[in-house]
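Protein sequence lines correspond, in order, to chains A and B. Counting the first sequence from 1 gives a position; our numbering is that position plus 417. Counting the second sequence from 1 gives a position; our numbering is that position plus 417.
Just so you know, same-sequence chains aren't split out, so a pair can sit in one copy or run between any two.
30 angstroms max Cα-Cα, derived DSBU-like pairs, lysine-lysine:
id : residue 1 : residue 2
1  : K523      : K712
2  : K553      : K712
3  : K485      : K677
4  : K782      : K756
5  : K948      : K887
6  : K782      : K702
7  : K888      : K950
Hints are computed from structural coordinates only; laboratory data are not their basis.
Number of protein chains: 2
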Amino acid sequence: MLLSRLPNQLRRICLTNWSLTNHYRRLSLVKPKFIPTNSRIRRPRGAINKSQMTSATFDRETLESVLKRRFFYAPAFDLYGGVSGLYDYGPPGCALQAHVVDVWRKHFILEEDMLEVDCTMLTPYEVLKTSGHVDKFADWMCRDPATGEIFRVDHLVEEVLESRLKGDKDARGQASAFVNPEDKKRKKKVKEIKAIQLDDAVVEEYESVLAQIDGYSGPQLGELMKKYAIVNPATGGPLSEPLEFNLMFETAIGPSGQLKGYLRPETAQGQFLNFNKLLDSNNSKMPFASASIGKSFRNEISPRSGLLRVREFLMAEIEHFVDPTDKSHVRFAEVADIKLSLLNKNTQQAGRTDIDVITIGEAVKTGVVDNETLGYFLARIYLFLTRIGIDPSKLRFRQHMANEMAHYAADCWDAELKTSYGWIECVGCADRSAYDLTVHSNKTGEKLVVRQALSEPIVTEGYEVELDKKKFGPKFKKDGKAIEQYLLSRSQDELEKLSEELSANLKISVDVENITAPVEISSDLIAIEKKTKQEFIREFTPNVIEPSFGIGRILYSLMEHSFYLRPGSESRAVLSFPPLVAPTKVLLVPLSNDVKFDPVIRKVSVLLRRAGISSKVDDSSATIGRRYARNDELGTPFGITVDFQTLEDGTITLRERDSTKQVRGVINDVVAAVQAMVSLDAVPWETGTASLEVFDSVAE
Amino acid sequence: MLLSRLPNQLRRICLTNWSLTNHYRRLSLVKPKFIPTNSRIRRPRGAINKSQMTSATFDRETLESVLKRRFFYAPAFDLYGGVSGLYDYGPPGCALQAHVVDVWRKHFILEEDMLEVDCTMLTPYEVLKTSGHVDKFADWMCRDPATGEIFRVDHLVEEVLESRLKGDKDARGQASAFVNPEDKKRKKKVKEIKAIQLDDAVVEEYESVLAQIDGYSGPQLGELMKKYAIVNPATGGPLSEPLEFNLMFETAIGPSGQLKGYLRPETAQGQFLNFNKLLDSNNSKMPFASASIGKSFRNEISPRSGLLRVREFLMAEIEHFVDPTDKSHVRFAEVADIKLSLLNKNTQQAGRTDIDVITIGEAVKTGVVDNETLGYFLARIYLFLTRIGIDPSKLRFRQHMANEMAHYAADCWDAELKTSYGWIECVGCADRSAYDLTVHSNKTGEKLVVRQALSEPIVTEGYEVELDKKKFGPKFKKDGKAIEQYLLSRSQDELEKLSEELSANLKISVDVENITAPVEISSDLIAIEKKTKQEFIREFTPNVIEPSFGIGRILYSLMEHSFYLRPGSESRAVLSFPPLVAPTKVLLVPLSNDVKFDPVIRKVSVLLRRAGISSKVDDSSATIGRRYARNDELGTPFGITVDFQTLEDGTITLRERDSTKQVRGVINDVVAAVQAMVSLDAVPWETGTASLEVFDSVAE
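Kindly generate the complete structure, drawing on both the sequences and the hints.
Have a look at this one:
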C-alpha cells in the first residue's frame, strides 16, 4: 500500500522519529488536518470539560501570547537575534517540565524498578556509525548557488505545489477551503501566490504528489523539481540537486581534532552499550528495563512549529529487554481492562482513520497489538499522559504501517496528541527486536547476550569434524586455513556424505575455493562422526521494546490541552494543569499589603515549603481578582487568601482555579487539604476539601 | 604576593574554575597534599564517626573496585575502547545524582523562591565571544610534530622536573618522601626515572619553578621548556612552542555551516541573557535569584582523576541579582550563628593554611567575608553539603587571593572538599559585580538594568549644553558631529568656564580634535546654563553573586566521605550515604525464596512505592548476611526482613546499615518509620524507630 493511495485526512505531522522508530525515514511536517476523534472517548474528569471550553474558542496566538508573557519559554539568545530551533524554558515552563519528569520517573522507573542511567551526550563517531546514524540519519536539502540559501527539499516542493494549487483556485474564483494556521506565523518561502489556472490533469498530478510527499527519496525529489520547474521562489534562480544533510551536530573530542564525535540524536545508544553492566546490576534476571532522561540534539534544516521541532530537546527513553521467545508481561493483567483509542495499520491501509476504542487486553488477544509487553507499555503510556493532564479525547495510538517500519521491527505504535498543528507524534513505542545489541556486538566483538541455565539440557545430535592439527598444518601449509574453513562450514547433509566417503575410502576429496586441484584428506588427518551434545545454557540476544518520550512536545500539547478562556470573561486565560504538575501549587494573597498580614503569610509559606509544596506570594497592590487572574495564566491550581478574619480566628480561604470554588478553614487543615490534592495519588477537590467549610466568594 | 612565595602546603587542586570564577585563569592539577584540617571541627552526627573508620584504612583502589562492581559509574563507550573524560552513571550513581539534585532544588530553589530556567547548551559564537570565553577560555598545549602526541604544557613541565628531582634523590641515595597516589593509576608521560644527581642550585631552581607552576603564561612555559631542555619524554623528540587550546567544543548550527556555535562551558550565560524576562517574572522586585541545573562541557586536553576532571558534567548554578549599594540579606540572621571553617586570603598570603572556625555573622562583621549575601550563601552551601552527607571535617571555604580573582570581582570563596586527590574545589561562590550584564548589554545595545522608583527624587545641579540644531548643522556641516561630541563630553568645570566665556563674549572658541582651526560658536547657536534636575527613577545594573556547584565532584567526594570498611570485618565495604540521598532506600529480603513470602514482600513493596520510597527485593539464594553486605556496598540505609514469624504475626524486621541495629514491628509502623527517616527533614534512627521493638540480630 503506497502513501499515495491514502486519503488526505491521513496525512499527519510526524515531526521526528524518536529513536529511529521507523529507521531513519523522516516524515515531514505537512499541512495539519483537524481529524475529529471518536466522540465515545470521555474525559474522566469531573466538573470541568476543557475540550468544550477550548474547542470553540481555541486560538493559538492567544495561547502563545500568554506563554510568552508568563515566560513559559522563549527563543534562546533573542538578545542576540535568536537561533531558530533553540528555546529556553523560563520559570513556569521549567517547573512544569521538572514536575512532568518527576512524575515520569515515579510512574515508570520507580514503579517498575527500572535501571536509570545517565550517559554522555558526546558520542564518538564509531558508535553512531555502527548504529546507522552516520549513514542514514539525514534529510534532503538543496542550495541556491547564487544566494547561498538552503531549502529542505520536501518542504520546498510541497510549498511550491500548494501555492500553485491555491493560485489555480484563485483563478477559478474558488476560495481556498482551508487556512493553514501555520501560514500566519511561519516564514514562508513562497511569498505571493499568483492566480494562474492549471489544467485539470495538472491539478490532479500535484495533488497526487502532495499526498505522497513524505515518501520520496532525495533523487525522486530532484526529479520532481526538474519536472515541475521548481526554483528559488524568491529569485527564480536555479537550485542545486538534492543533497543529503546529516542531522547530527558534529564536533571534535580532545585536542588533536582527530577524534570525531557527535551530539547524540537519542539517548538509546548509551543504554545499549551498557547492556552487560545493566544485566549484571539486575543480578542477570530477565526481563528488565533501563531508562534515561536527558537532552538530545538534531540539527534540523529549517526548524519551525515552536517547541515541536527543535534542535535541542529533552527525551525520556525506556529500553525494556525481553526474551524474544516470551514477550508476556507479568503485570499485564493490571492494565488489560484499560480502553485505548487505536488507529491500527489495517484501517490505515484501507484508507480510513477510524479509531477503535478497545481494551488493551482485547487488542493483544486479537493480535492488533503484537505482544503483551508492547501492550502493557501502551497502557502505561496512556496512564502517564492522562495523569499529567493530557486530554484523552485528543490522544490516539497510531500503528505504523509496514512501509513505515524498519524491516527488523515487530510492531510500532505512536502516541499522537491532537494540537492546533494536527496530530503530533509525542511518544513512540516500538519493538526493535535484537537489532541494536546485535550491531554493536558484531562491531566490537563483545557478546551482548543473556545466558540462561536450562532446567533441562537441550540435546542435539549431529556430525562434527575433528582435525589432527599437528599433522594437518604441516601437510597443507598455507592452504590449511582455507581447507579447515571449508570443512567447518559444511551443512549436516554434506557432512553426512563426507562421513560416508571417509568410511568407505579412508579419505575424502573436496573442492575448496581458490585452490585449483581437488584436496585429498586421508583418515589419519580427519574424523567426521555423528555426536550427541547436551547444552545446559541457553544464550540469546534479548529483544528491545522501546517507549520513547519527547518531553517538549508533550509539554506543548499539554499547554494546548490545558488552555481555555474563562466562560463569560473571555479576556481571562487559564492554564488548567493538574495540581500534580502545575508549576507552582499555591498562590498566597494577603487581602492588602498591610504588614499585619506578613506573619500569617510567612507561616503558611513555611508550612507549605516543609510539605514540599511550592508557593508564591503576591502582595502587590492589584485587586485579589486581578492577582488570581495573573496566576490562572501560570496554571496555579490553588489560591490562599489571608484577610482580616484570619487575624481574628486563624482561618484562611482556599480557592480552586477552574471552578473558582472557595472553602475556608484553619491553616493546618488547609495545608493538609492542599497536600492531599497535589500528591502523586492526588484526591479531587471535593474529597480533599470535604472537611472544610464552603465559602462564598466576594470578588472574582 | 606571588604564588612562588607560597609554601608547598598551600598548593592544591583547583580542577576547574567553575563559571570562570577567577576569570579564565585555570590552575592545574598539582601534586596533592594531605593537609590536616583543624581538629576542632566535629561532625554533628551521632553514633558513627566515618572519619575515624576511614582515615586509617582508606584506600582509593578498594573504593573504586566497589564503585565499578556496583556500576555507580563507568567509562563511557568502553565497549568501543572508551573516550577519556567521559563517564556514564549506572543505576546507583544515577539515583544518587538524582537525589542530590532533588535536595539541591528543594534546599535552594524552593526554599528561596528562585527562578529556575533551563537554557540550551548549544550557544552561538557571538554570545561566548562577548562573555570572553572565545578569547580566553583556554589551556596551553604543545605538539610533537614527529609522533602527533599532544601534551598539556604545565603538566608536562611539572612531570619532567618532578621526575628529575626524584632521579636526583635516587642518585643521592635518599628515598622519595612522598608517593603520589595518582602515580599508580595515571598514564604518565615520564615512564622511567633515571638516577642522575643534580647541582644543589638546580634542585632549588626546579623546586621554585614547581611551586609556581600554576602561575606561568604560555610563553613563559615555552621558555622553561627551552631552558630545561624539555622534550617528548618517550622519544626525546623536540616539541612545538606552546599553543593556546580553547576548551570549548565547537560545532556548526544549521545546514549552512556558517553559524558557528559551542557547547556551553557553564550554565550562567543563559541566565544573564534572560535577565530582563526574569526580572519581569519577579514583578520587577529586587533582589532575586535565578538558578539552572544542567550539563556543561569542557574539552580538556588530558582528562584525569576520574570524575574530578571530565569533559561533560552536571552543574547547578545560582545567579543572585542584588543592588550594588545594598548587599544585605533579609534572611542573614537565620544563618549568622553557623560556624564555618574559613581559610582567608590574608592567612594564605602570609604563607599559612590555618583554618579559622568562626560564625558567618562574625566573618561578615569583621569584613573577612565581603557582604551578607555572600556570607548567607556560604552558610547555605555548608548546610546543603552536610545535609547530603559531606563530612564537615573535610570541608573548608578558601578565599581567593587578589591574584586569583578577576579585577571586577569583589570577593570569592570556594567550598573545597578533602579527598584522596587533595582539597578539591567543588563549589565556587563569587561576587561577580556587574560584569556579565554589562558586557552583554554593551554588545547588544539592550539595557539589562533595574529601574527603581525613588521615594524622594534625586536632585542634581549642573551645567548643560543646548544647541540650536537648525542653525548648528547648516553652519558647521560635516564638522558638526565632532563639535557636538566635543561639547557634550566636557566636564562640569570646563562647562563652567565656557559658560562664563559665552556670557562675556557672546561666543566661545574651542579646539576640537581633527579640526585644524579653533572653532568659534556664537551665542545664537549655543546656550550653556546651570540647571537643576530631578530624577524619580534610579536605574542600575545589578551585581551578581554566583554560587556554582560541580555536581560530579560533589558526588565523588561524597562517595569518598561515605566509604568505610566494616570494623572487625574489613572485607565488607560500606557506603554510608544519608537516607535522604541514598540511591535505594530499602532492601527487601525474604528469609528464603519460599513462595510463601511473596505476598508480604509485594505488600511492603507497594506500600513503600506509594510513600515514594524506592526499594529493591533481593530474593536470591544467598544468605541474608551476604545480601545485606551487597547492599551495604550500594549504600542502602535500611533493610527489611520477612521471615516465618511475619507469616504468623505480620511483623517485619528493620535493619540500619551502619549500626546494624534492628527493630521489629508491624508492616505499617515500619513503613512509617522509614518514611520519617528518608524525608527532607529526616529524623535519626533512634527517634524514627522509638515506637518499634528492639530486635537482636541472628546473623549478620
